[in-house]
Structure formats: structure tokens, C-alpha cells
Amino acid sequence: MTRQERAAWLFSAPVLAIIALVFVLPTALAMALSVTDYSIYALADWANLRFVGLGNFVDLFSTPLFWRAIGNTALFAVLGVPMAIGASLAVALLLNDATVRWKPLWRVLLFAPYVTSIVATAVVWRFLFNERSGLLNRALATIGIAPVDWLGNPHTSIPAILIFVTWKIFGYNMIVFTAALSAVPQDLMEAARLDGAGRWGRFRHVTLPAIGPTLLLAAVMSVAGFLQIFAEPYVMTLGGPAQSTTTILYFMFDEGFKWWNLGQASAVAFVLFLMILVLTMVQTRIGRRYEWL
Amino acid sequence: MALMKPRAILANAAVVLLTTLTIAPLLYMVIVSFMPRGESSNLPTPLWPSRWSLENYHELLVRRLIDGAWFDYRIVPALFNSVAIAMISTLLGLLLTVPAGYAFAKLRFRGRERLLKILIASLVVPGQVAMLPLFLIFKQLGLVNSYAGVILPSLAGIFAILFVRQATLAIPDEMIDAARIDGASETRIFVTIVLPLLTPIVVTLSLFMFLGSWNDFLWPLIVLADQHLYTLPVAVAAIAREHSADGELMMAAAVVTTMPVLLLFLAMQRYYLTGLLGGSVKG
Numbered sequence: 001m002t003r004q005e006r007a008a009w010l011f012s013a014p015v016l017a018i019i020a021l022v023f024v025l026p027t028a029l030a031m032a033l034s035v036t037d038y039s040i041y042a043l044a045d046w047a048n049l050r051f052v053g054l055g056n057f058v059d060l061f062s063t064p065l066f067w068r069a070i071g072n073t074a075l076f077a078v079l080g081v082p083m084a085i086g087a088s089l090a091v092a093l094l095l096n097d098a099t100v101r102w103k104p105l106w107r108v109l110l111f112a113p114y115v116t117s118i119v120a121t122a123v124v125w126r127f128l129f130n131e132r133s134g135l136l137n138r139a140l141a142t143i144g145i146a147p148v149d150w151l152g153n154p155h156t157s158i159p160a161i162l163i164f165v166t167w168k169i170f171g172y173n174m175i176v177f178t179a180a181l182s183a184v185p186q187d188l189m190e191a192a193r194l195d196g197a198g199r200w201g202r203f204r205h206v207t208l209p210a211i212g213p214t215l216l217l218a219a220v221m222s223v224a225g226f227l228q229i230f231a232e233p234y235v236m237t238l239g240g241p242a243q244s245t246t247t248i249l250y251f252m253f254d255e256g257f258k259w260w261n262l263g264q265a266s267a268v269a270f271v272l273f274l275m276i277l278v279l280t281m282v283q284t285r286i287g288r289r290y291e292w293l
Numbered sequence: 001m002a003l004m005k006p007r008a009i010l011a012n013a014a015v016v017l018l019t020t021l022t023i024a025p026l027l028y029m030v031i032v033s034f035m036p037r038g039e040s041s042n043l044p045t046p047l048w049p050s051r052w053s054l055e056n057y058h059e060l061l062v063r064r065l066i067d068g069a070w071f072d073y074r075i076v077p078a079l080f081n082s083v084a085i086a087m088i089s090t091l092l093g094l095l096l097t098v099p100a101g102y103a104f105a106k107l108r109f110r111g112r113e114r115l116l117k118i119l120i121a122s123l124v125v126p127g128q129v130a131m132l133p134l135f136l137i138f139k140q141l142g143l144v145n146s147y148a149g150v151i152l153p154s155l156a157g158i159f160a161i162l163f164v165r166q167a168t169l170a171i172p173d174e175m176i177d178a179a180r181i182d183g184a185s186e187t188r189i190f191v192t193i194v195l196p197l198l199t200p201i202v203v204t205l206s207l208f209m210f211l212g213s214w215n216d217f218l219w220p221l222i223v224l225a226d227q228h229l230y231t232l233p234v235a236v237a238a239i240a241r242e243h244s245a246d247g248e249l250m251m252a253a254a255v256v257t258t259m260p261v262l263l264l265f266l267a268m269q270r271y272y273l274t275g276l277l278g279g280s281v282k283g
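Residue numbers (this note's numbering), protein chains in the order written: chain A, 1 to 293; chain B, 1 to 283.
Read the hints as simulated data drawn from the structure, not as lab findings. All figures in this text were calculated on a predicted structure; none of them were measured in a lab. Check before you lean on any hint, since a few could be wrong.
What the hints assert, rightly or not - So the derived label-pair ranges between C-beta atoms look like this: (1) A:Q4 x B:L197: 15 to 25 Å; (2) B:T20 x A:A17: 46 to 56 Å; (3) B:D226 x A:L25: 20 to 30 Å; (4) A:L208 x B:T192: 22 to 32 Å.
What the hints assert, rightly or not - To give an idea of the interface, some chain B residues facing chain A are shown, with a C-beta separation under 8 Å as derived from the structure: (5) A13; (6) L94; (7) L96; (8) T97; (9) F104; (10) A105; (11) V125; (12) P133; (13) Q140; (14) L155; (15) A178; (16) A179; (17) A253.
Ideal Cβ placement from N, Cα and C applies to all residues, glycine included.
Could you put the whole structure together from the sequences, leaning on the hints where they help?
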């Protein structure tokens with residue numbers, strides 16, 4: 001081993017060992033766990049552990065709440081990704097306007113919600129969403145809209161949580177898009193302007209192709225993020241009302257750490273992983289087709 | 001201020017309005033936390049306290065005797081736990097990932113490229129998949145219900161390694177080779193030449209790590225069963241699920257949880273945002 005090699009291993013082996021222990025090994029074990037009936041009995045004594053093959057998955061697929069959780073999570077992602085990315089892009093474009101003053105100040109303030117704890121701000125928003133005395137309904141009353149029971153109605157619970165989530169996270173991609181927008185070729189923009197391209201035309205044919213790859217990456221990460229929603233329903237709605245905000249991770253947490261069905265919960269984790277993997281691959285493929293990657 | 005065109009006025013007004021709406025929930029959180037108990041549920045919803053009161057913070061933070069038994073919301077211990085855990089995981093995280101990131105960028109060793117590919121690919125795997133077996137492993141190792149149990153998983157900083165590697169690639173090889181020819185040891189090269197150049201990146205990374213650890217929720221919720229070890233988010237979630245009607249008290253708890261990191265972010269925002277922007281945007 002060369003001197004350089006020895007140093008390299010000295011520098012990287014400790015963290016690689018930790019990654020192996022807390023990430024690689026448990027991920028591999030998750031697959032093993034998902035084909036056992038690991039439950040509170042096995043937690044007490046390993047002798048109670050049995051191999052059940054795909055039994056957990058069969059059970060899961062015949063559990064209505066599991067499908068409900070998949071449906072809710074899909075709804076979160078389908079509505080949430082365009083909502084959050086759209087908000088980020090709109091604000092980034094607005095901030096990118098040459099006439100806007102004090103940009104660094106606005107950037108910092110608009111980003112601030114992103115650094116706060118989800119749990120704490122979820123508590124704040126649950127308070128804002130209160131039907132009787134919440135600030136949101138008071139604001140809506142001034143324009144003549146009747147009070148909405150945001151978190152208490154199964155039809156508004158997901159939109160309400162999405163308003164909170166968008167508020168919380170849009171700052172991150174706003175910054176990412178700001179960086180991408182600053183790399184849009186200005187001479188091309190000028191040329192398009194001289195050729196008589198309108199505002200929309202310039203956005204569609206100059207800006208969008210230039211920020212395409214960034215947009216795609218943000219979409220991939222957002223989809224993965226929205227599929228992993230947990231803390232918001234845990235704090236704001238306890239998965240309700242009428243299980244309308246029970247997400248895949250919420251279901252997994254209850255299954256695993258409330259009822260201690262760790263085998264079953266691992267099967268849920270596995271399904272979540274596959275969903276993220278497939279969606280990432282699909283999005284990457286779409287990106288390739290449009291030559292964004 | 002020079003005369004502005006209507007379009008410019010419109011754009012600036014829109015930005016001001018958006019920023020106000022974004023900040024309003026945080027401001028309202030602070031305002032309500034100073035309202036007398038119960039005032040926030042009056043109608044019409046008060047926007048300002050009738051008098052500024054510290055009673056919510058007193059209720060939340062001070063231990064008191066009720067029917068002969070001590071009672072408190074365990075927010076002070078949670079604050080202490082959060083600070084300790086965030087500081088330890090940031091320090092250990094830097095110690096582990098910064099040298100590794102440098103090694104992956106500048107040191108030649110067998111298997112480097114393959115390991116790098118594996119690290120990048122593993123970013124797709126959500127951490128939650130590992131959590132259930134990890135809980136069982138930690139139970140065997142006696143790490144459940146301990147600081148170590150919370151901190152250890154946060155040290156597997158794959159993103160941090162890649163982040164440091166990316167920054168280190170910009171350092172010219174000639175500098176490092178020159179030091180090698182002068183006979184400096186690899187450790188010495190890292191400490192005296194590379195580390196000073198990486199300082200801004202290390203500050204950015206330590207902010208990411210501190211905030212990440214402070215706000216982390218699902219894993220601490222799983223691994224901590226003892227209320228005395230709860231971090232702030234876990235403690236606040238527990239109170240929120242039990243005392244949902246108590247608006248002012250909950251806002252005070254939210255202030256205690258968010259203000260330390262908000263202030264840290266405001267003080268260090270330049271490092272944080274340049275880290276995200278990759279140094280491409282100024283002003």
C-alpha cells in the first residue's frame with residue numbers, strides 16, 4: 001500500500017464503517033425482516049420468529065388502510081410537487097426581475113421557514129388553521145368566505161397540510177432556481193427580445209431549456225420528499241380525519257412502533273422504497289428524452 | 001430613490017407582499033406566545049396581546065409542585081438534549097466526513113471510483129427503510145434510549161462526503177504535489193494546506209449538520225422512549241398531541257424550538273445560502 005493509500009483509508013474508513021453499520025446493513029436486513037413475522041413476540045424472544053415468505057405483502061395488499069395510505073400519499077405527491085415547485089419557480093422568477101431591490105434581504109426572509117423545525121411550525125399552522133379562531137379563517141372572513149374546518153374535514157385536510165408544506169419548503173428550491181436562472185445566457189435572451197419574442201416566448205424557449213436539468217432534479221427530489229410525509233400528519237391531524245391524511249410512513253410508523261409488527265412494517269418500507277426508485281427512474285428517462293440530462 | 005416605472009413598482013410590491021405573508025406565521029407565533037392564557041381563542045381573533053405576558057413561558061419552562069408531585073413539560077431538559085445532540089453530531093460529523101471527502105477527491109486508492117458510485121447510488125434509498133432493522137440492531141447493542149442512539153445514524157453523512165469532495169476538487173493538484181515533494185506527511189498536507197482552503201465549506205456544512213440534527217424528528221421519536229432524553233421536536237410533538245387546545249402555550253413551545261436555529265440561520269445566512277447557490281449568485 002502506498003503512503004497515499006494508507007492515508008486515504010485512514011481518512012475514509014471510519015465514516016465508511018459507520019455508513020455500513022447504520023445504513024447498508026440495516027437496509028439489507030430490511031429485506032430479510034420483510035419476509036418474517038417479526039412482532040412483539042419475537043421482540044421478547046427470537047425463538048418466536050418465523051419465515052413467512054411473501055405473506056406480509058399478501059396481508060398488506062389486502063389491508064384497506066394500506067391502500068388508503070398509498071392513495072393519500074399519491075394525492076400529496078400529485079398535488080404537492082407542482083404546487084411546491086411552481087411556488088419556488090414563480091418566486092425565483094419574480095426575484096430574478098432586474099427591477100427588484102434588496103434581493104439578498106428578501107431571499108433570506110423567504111428562506112427562513114425552511115430552517116425551522118417541521119414539528120414546531122406544524123403546531124403553529126394547526127393553530128392558524130383552527131376553524132373558530134384561526135388567523136386564516138379570520139383573513140378569509142374579511143373577503144366574505146365562510147369559516148373552513150381545514151384540518152377537521154377529510155376534503156380539506158390534505159390541501160391544508162399542502163399549504164403548510166409549500167410554505168415550509170418553497171424557499172429551498174427558490175434558492176436552487178435562483179442559481180440556475182443566473183446561468184441563463186443573457187445574449188440569447190437579448191437576441192430573442194430583438195427577434196420580437198414575447199415574455200412567455202422567452203420563458204418557454206430560452207429560460208426553460210436552460211433551467212431544465214435543475215427543474216428535473218428538483219422534481220425528482222420533491223417527489224421523493226412528498227412520498228416521505230410523516231411529521232405533518234403526526235402533529236397536525238394524527239392521520240385523520242377519517243384517515244384522510246394517513247400516509248405510507250404514518251402507516252409504517254404505527255404498524256412498526258405502535259403495534260410492533262416490524263415484519264409487516266418492513267414490507268411497507270420496502271414498498272415505499274420501490275415506489276421512489278421507480279418514480280426516480282421514470283423521471284430520469286423523461287428527462288433524457290427531452291435531453292435535459 | 002429614483003423614479004420607478006409602474007412595472008418595477010408592481011414587482012417590488014409583489015415581493016414585499018409575498019415576504020410579509022411568508023414571515024407572518026412566524027411573527028404571529030411570537031406574538032401569541034406573549035398573550036395572556038386563553039386570549040388567542042377570543043373572537044374576533046386578536047392580532048395583538050391585550051397585555052404582554054410571560055406566563056406561557058413560565059408555565060412551559062418552570063417546574064412546579066402540583067398536589068405534592070413535581071410537574072413540568074420537560075422543555076428545559078429537551079432544550080439541553082437538543083443542544084448537546086446537535087453539537088456532538090455536528091463535531092463528530094465534520095471530523096468523519098471532511099477528511100473522507102478530501103480522500104475521495106484527491107487521494108488515489110484502489111476501489112475509489114467504485115465506492116464513489118455506490119455512495120451516489122445510495123442517495124436514492126430513503127433512510128426510513130433502514131430504520132426498523134436499525135432499531136433492532138441498536139436494541140441489541142444497548143443504544144436505544146441514549147444520546148449515542150440518536151447521534152450515530154446522523155454521522156453516516158453520505159451527502160456531506162460528496163459535498164466536501166465537490167469543493168475539494170477545485171483545489172489545484174499542484175499545491176498538494178508541491179507539499180509532497182517537500183516531504184510533508186499526508187495528514188500534515190490535509191491539516192495545513194487543504195483544511196484552511198476548505199474553511200468556508202466546512203462552516204456551511206456544519207450549519208447544515210447542526211440544523212439537520214436540531215430539526216430531525218422521526219428517528220429520535222423512534223429511538224427515544226425516555227421522556228428525559230427527548231429532543232425539542234419530540235417533546236413538542238408529545239405536548240401538541242395532548243394539549244392541542246392550549247394555543248398560547250403551544251406557541252411558546254414553538255418559539256423555544258424554532259428561535260435558536262432561526263437566529264443561527266440569520267446570523268450565518270451568507271454561509272448557508274452560498275452553500276446552496278454554489279457561489280454563482282451575488283447581491
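Now for the hints, and whether the structure bears them out:
no.: 1; hint: A:Q4 x B:L197: 15 to 25 Å; result: 19 Å, holds
no.: 2; hint: B:T20 x A:A17: 46 to 56 Å; result: 49 Å, holds
no.: 3; hint: B:D226 x A:L25: 20 to 30 Å; result: 25 Å, holds
no.: 4; hint: A:L208 x B:T192: 22 to 32 Å; result: 47 Å, violated
no.: 5; hint: A13; result: 10 Å, violated
no.: 6; hint: L94; result: 11 Å, violated
no.: 7; hint: L96; result: 4 Å, holds
no.: 8; hint: T97; result: 6 Å, holds
no.: 9; hint: F104; result: 7 Å, holds
no.: 10; hint: A105; result: 10 Å, violated
no.: 11; hint: V125; result: 6 Å, holds
no.: 12; hint: P133; result: 4 Å, holds
no.: 13; hint: Q140; result: 10 Å, violated
no.: 14; hint: L155; result: 5 Å, holds
no.: 15; hint: A178; result: 15 Å, violated
no.: 16; hint: A179; result: 12 Å, violated
no.: 17; hint: A253; result: 7 Å, holds
The earlier numbered hints that this structure contradicts are 4, 5, 6, 10, 13, 15 and 16.
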